[in-house]
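Asks: The listed protein sequences derive, respectively, from chains A and B. Residues 1 to 375 in the working numbering are what the first sequence spells out, letter by letter. Residues 376 to 928 in the working numbering are what the second sequence spells out, letter by letter.
Worth flagging that the hints you see were computed from the coordinates, not collected in a lab. Be aware that a few hints might be false.
What the hints assert, rightly or not - Straight-line alpha carbon distances no greater than 35 Å define the calculated DSBU-like cross-link-like pairs of lysine-lysine that follow:
(1) Lys496/B with Lys251/A
(2) Lys271/A with Lys790/B
(3) Lys496/B with Lys267/A
(4) Lys397/B with Lys360/A
(5) Lys297/A with Lys790/B
(6) Lys370/A with Lys279/A
(7) Lys176/A with Lys496/B
(8) Lys496/B with Lys194/A
Claimed, not checked - Coverage of chain A stretches by chain B, computed from C-beta distances (three or more under 8 Å per stretch; other residues unrestricted):
(9) 55–65
(10) 78–86
(11) 90–98
(12) 363–372
Backbone N, C-alpha and C define an ideal beta-carbon position, used for all residues, glycine too.
Next come the chains, spelled out residue by residue.
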Amino acid sequence: MDPIHDYLRPASYATAVLMLLAICAPALAQSDSGWQKKWDQALAQAKTEGKVVVLGPPGDQIRDAITKGFAKAFPDITIEFSGARGGELATRIKAERDAAIYSVDILINGTSTANAYFKPMKSLDPIEPQLILPEVIDTKNWRDNRLEFSDRSTRLDLVFATQNNVPVIYNPKQVKAEEVDELYKLLDPKWKGKIAVQDPIPSGTGNGVFRWAWHVLGPEKAKDYYTKMRAQAAAVDRDQRRQIEWVAQGKYPLHLAPGTIMYQLEKRGLKFGVIPAFKDYGSYLTPGFGSVMVMNKSPHPNAGRVFLNWLLTKEGQTAFSKGMGYVSRRRDVPSDHVPSYWVPKEGVKYWPGYYEEDAKMSPEQIKFLKSIYGR
Amino acid sequence: MTLLAAVLVAILAYPLALLFIKSFAISRPGQPTVWGLGGWAAAFGDVNLAVAIGNTFYLGFVRVTLTSVLAIFFAWVVTRTDTPLKGFIEVTLWLGFFLPLLPMTMGWILLLDPYYGLLNKLLMYLFALSQPPFDVYSYWGIIWCHLAFSTSVRFLLMTPAFTAMDAALEDAARTSGSNNFGVLMRITVPILAPAILASTALGFIRSLESLEIEMILGIPAGIYVVPTKIWDYIHWEPPLYERATALCSIFLLFIFLLIWLHRTYLRGREFTTVTGRSYMVRTFPLGHWRWVTCSFCLLFIFVMIILPLATLVMGTFMEFFGNFDVDNTWTLRHWVTVFGDPVFLRSLKNTVILGLGAAMVGILLYALTSYMIVRTRLPGRAFIDVLSWLPWALPGVLISLALLWAVLGSGDSVKLIYGTMSLLTLAIIIKEMPLGTQIIKAGVLQISNELEEASSASGANWMTGFRRILLPLLRPTMMAVAIIVFISAARDIPTVIFLSTHNTRTLSLLMLDYIADANKEKAAVLGVFIVLLIFALLLIGRFLGFRRSSVHS
Chain A
1 MDPIHDYLRP
11 ASYATAVLML
21 LAICAPALAQ
31 SDSGWQKKWD
41 QALAQAKTEG
51 KVVVLGPPGD
61 QIRDAITKGF
71 AKAFPDITIE
81 FSGARGGELA
91 TRIKAERDAA
101 IYSVDILING
111 TSTANAYFKP
121 MKSLDPIEPQ
131 LILPEVIDTK
141 NWRDNRLEFS
151 DRSTRLDLVF
161 ATQNNVPVIY
171 NPKQVKAEEV
181 DELYKLLDPK
191 WKGKIAVQDP
201 IPSGTGNGVF
211 RWAWHVLGPE
221 KAKDYYTKMR
231 AQAAAVDRDQ
241 RRQIEWVAQG
251 KYPLHLAPGT
261 IMYQLEKRGL
271 KFGVIPAFKD
281 YGSYLTPGFG
291 SVMVMNKSPH
301 PNAGRVFLNW
311 LLTKEGQTAF
321 SKGMGYVSRR
331 RDVPSDHVPS
341 YWVPKEGVKY
351 WPGYYEEDAK
361 MSPEQIKFLK
371 SIYGR
Chain B
376 MTLLAAVLVA
386 ILAYPLALLF
396 IKSFAISRPG
406 QPTVWGLGGW
416 AAAFGDVNLA
426 VAIGNTFYLG
436 FVRVTLTSVL
446 AIFFAWVVTR
456 TDTPLKGFIE
466 VTLWLGFFLP
476 LLPMTMGWIL
486 LLDPYYGLLN
496 KLLMYLFALS
506 QPPFDVYSYW
516 GIIWCHLAFS
526 TSVRFLLMTP
536 AFTAMDAALE
546 DAARTSGSNN
556 FGVLMRITVP
566 ILAPAILAST
576 ALGFIRSLES
586 LEIEMILGIP
596 AGIYVVPTKI
606 WDYIHWEPPL
616 YERATALCSI
626 FLLFIFLLIW
636 LHRTYLRGRE
646 FTTVTGRSYM
656 VRTFPLGHWR
666 WVTCSFCLLF
676 IFVMIILPLA
686 TLVMGTFMEF
696 FGNFDVDNTW
706 TLRHWVTVFG
716 DPVFLRSLKN
726 TVILGLGAAM
736 VGILLYALTS
746 YMIVRTRLPG
756 RAFIDVLSWL
766 PWALPGVLIS
776 LALLWAVLGS
786 GDSVKLIYGT
796 MSLLTLAIII
806 KEMPLGTQII
816 KAGVLQISNE
826 LEEASSASGA
836 NWMTGFRRIL
846 LPLLRPTMMA
856 VAIIVFISAA
866 RDIPTVIFLS
876 THNTRTLSLL
886 MLDYIADANK
896 EKAAVLGVFI
906 VLLIFALLLI
916 GRFLGFRRSS
926 VHS
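Required output: the full structure, derived from the provided sequences and hints.
Replies: Here is the structure:
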């Protein structure tokens with residue numbers, strides 16, 4: 001190799017980089033001031049609008065998680081948050097829009113609410129054009145180097161949190177973890193009459209776990225599993241807190257599909273064991289209420305834009321994650337406050353069951369489930 | 376009066392008709408409307424519906440029978456006898472009505488759960504039993520948990536009628552040799568038939584519609600009723616309102632049957648107990664029996680009201696209601712966080728406005744409606760009478776939905792009330808219309824026409840007669856109705872769910888937030904707080920002159 005060449009090569013690279021920087025510097029400066037200018041404009045107009053109206057699920061935890069951080073960051077913009085179930089929100093918003101009333105800026109909810117109601121209602125605006133802050137737009141800050149959407153083709157519902165869904169909890173005084181750490185171990189005759197099962201028919205965690213089982217087992221095996229699980233069940237109930245308390249108190253040693261409230265109850269002192277995922281079939285990922293939509297024809301578009309950007313910053317995501325115990329999709333948001341069983345692990349099979357195409361049961365599945373679990 | 380009829384048609388007939396029409400829309404929310412019979416066919420094609428209907432009527436029948444006997448007995452004891460501690464008995468029976476059903480049921484579960492129920496454990500220990508003697512998750516568990524509330528509400532509704540009854544009628548019976556029980560059964564009860572029938576109809580329909588206790592206790596025992604099916608449809612994703620509305624027609628048919636029975640029974644009879652002559656309400660000495668009646672009342676109050684209430688209050692100071700195994704069993708945290716909630720004060724203010732507004736406007740509307748039905752000969756009054764029963768056929772959430780559609784589907788001037796407290800007030804007034812109208816109607820039937828005729832002969836117009844004669848005589852009845860309407864406004868979640876906004880949230884919706892986060896203890900704190908609030912208002916009301924007088928003239 002030519003030593004002169006070797007000597008010159010770093011120098012020529014450095015020269016090239018410097019020349020490139022010199023050429024691009026004005027453009028970079030312009031881009032930097034571009035987002036800043038846009039942000040300043042949005043912020044100024046948001047302050048003029050005075051408030052942002054956000055709808056979400058019911059619950060004081062999520063209300064606090066959403067409102068407190070924003071109010072602190074933007075004291076000049078009032079945040080009005082109201083919570084209701086997805087179906088109720090959709091019914092109300094549909095009636096409002098039919099009457100040409102547009103009262104909502106931002107919607108935070110589950111992905112099924114987005115895809116089952118608001119997308120068909122044509123009431124959503126694309127999200128990406130609303131994103132201004134570089135730390136939000138930069139995909140390197142997000143897991144898998146991308147912004148995640150539940151509707152991958154239309155990109156209207158941005159998923160900002162995904163965590164592992166815990167399929168089973170147990171009473172450690174009555175059950176050893178290794179006795180129930182595989183899907184089919186739950187069908188062991190010794191658990192007959194000892195499992196409280198979250199009702200799989202309405203939407204919620206019970207529905208999610210049974211959809212996941214259909215996905216991983218296939219229709220025929222899943223039907224067989226559904227039938228056998230019904231025979232094993234001591235109770236099929238919808239009151240999740242009650243079922244978790246039953247397990248903690250030892251009334252029933254096992255509970256299938258405990259849902260996200262288990263975290264709140266555990267934090268308050270209930271004791272139970274957790275199977276984060278089955279050894280054989282894994283589990284599935286769920287955003288819970290961690291997805292956001294922008295309503296079109298919104299009354300406070302700039303305040304909505306400011307809120308959306310704030311929510312997706314490290315600061316906003318940390319506030320939400322700490323309030324709800326959710327696992328943010330942002331890489332720079334710590335997860336040490338999140339229960340370890342919600343953090344997805346290397347080497348475990350997870351089904352991302354929140355995509356639009358997977359988010360609801362097939363008619364065949366619903367019909368079969370109703371025949372077994374209907375009342 | 377014509378204007379009143381028009382208002383009633385607008386606020387009752389129009390939203391309900393809209394709901395009925397939309398029950399034939401089978402498309403999902405947000406999608407283009409498709410019409411069909413699919414909703415009705417699916418609702419009535421359900422193979423489990425017959426069992427649910429059977430359960431509903433069985434539970435309703437048993438509850439109404441038991442509470443009729445108990446409420447008549449308590450009303451008689453408090454108003455017509457010299458039983459000791461009557462004032463205490465009356466006030467604590469009111470308390471039974473104020474108590475929130477959900478936390479009270481949690482109190483009963485803590486006592487009677489077959490696995491960890493404290494009373495079951497105690498009895499098993501004391502009597503060395505191998506099986507728990509009680510199972511709250513059963514038919515009788517459901518009936519038991521309803522007993523205090525259902526008896527109290529019927530007591531509250533019957534007491535004014537018992538008060539406004541001339542003692543001369545009972546005196547005559549006694550003079551003719553009848554004993555106290557004979558007087559009660561042959562004179563008091565038949566004369567008070569309109570009030571008793573109205574409260575029985577109310578009790579029966581409320582029993583049929585009852586949901587909370589059936590959800591908590593019925594589902595683990597596999598006992599399903601029609602309201603749990605309606606709830607299922609409403610909470611389905613997407614909600615199946617058309618099926619829920621279709622199932623409500625079962626209640627509607629039953630209401631028509633009740634109206635027919637009610638009218639058939641009352642037709643051609645006189646129930647006037649308040650005439651132009653002065654009348655007396657006197658208590659009758661029971662002798663030694665007064666200690667028996669007193670003991671029975673106190674036993675009922677202790678077992679059915681004080682015991683679960685004490686459990687409920689205790690539960691609000693526990694980290695987990697009834698769970699003694701957690702590390703921090705006792706805490707003040709729930710009280711501190713509820714009162715420190717940033718939306719608490721706004722919700723409280725809205726609740727007081729809603730409660731007072733609905734109670735005041737409501738009783739005036741119910742009184743005018745009752746007057747129109749009973750006293751006038753206006754064409755269409757029979758239709759108004761039927762209309763006033765209809766909200767009983769619908770669960771609160773469907774009334775809320777009907778109003779949402781009606782208001783937003785109307786002109787711009789009507790739309791203005793959307794998002795205001797006025798719309799929530801209207802919803803509560805409609806929800807309690809059957810109760811208010813039927814009970815006040817029974818009160819009007821007790822008052823003789825001759826009083827208003829005398830007023831008219833003296834030159835007063837009907838409004839003056841209504842305001843200066845009828846309203847004062849109806850005051851105890853209207854006070855009872857006002858209390859019920861206020862409580863409904865303070866507690867009701869479904870009736871306001873579609874109509875409230877950020878600025879019009881009430882305490883009941885704050886309670887929903889806590890329930891959604893599975894924090895029943897905080898919801899119970901709010902429940903206890905609402906009881907205290909109502910009790911305080913009631914005491915103020917009594918202090919300001921709404922006491923029941925012992926002698927009317």
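Asks: Hint by hint, where does the structure go against what was stated? Just the numbers, ascending.
Replies: 2 and 12
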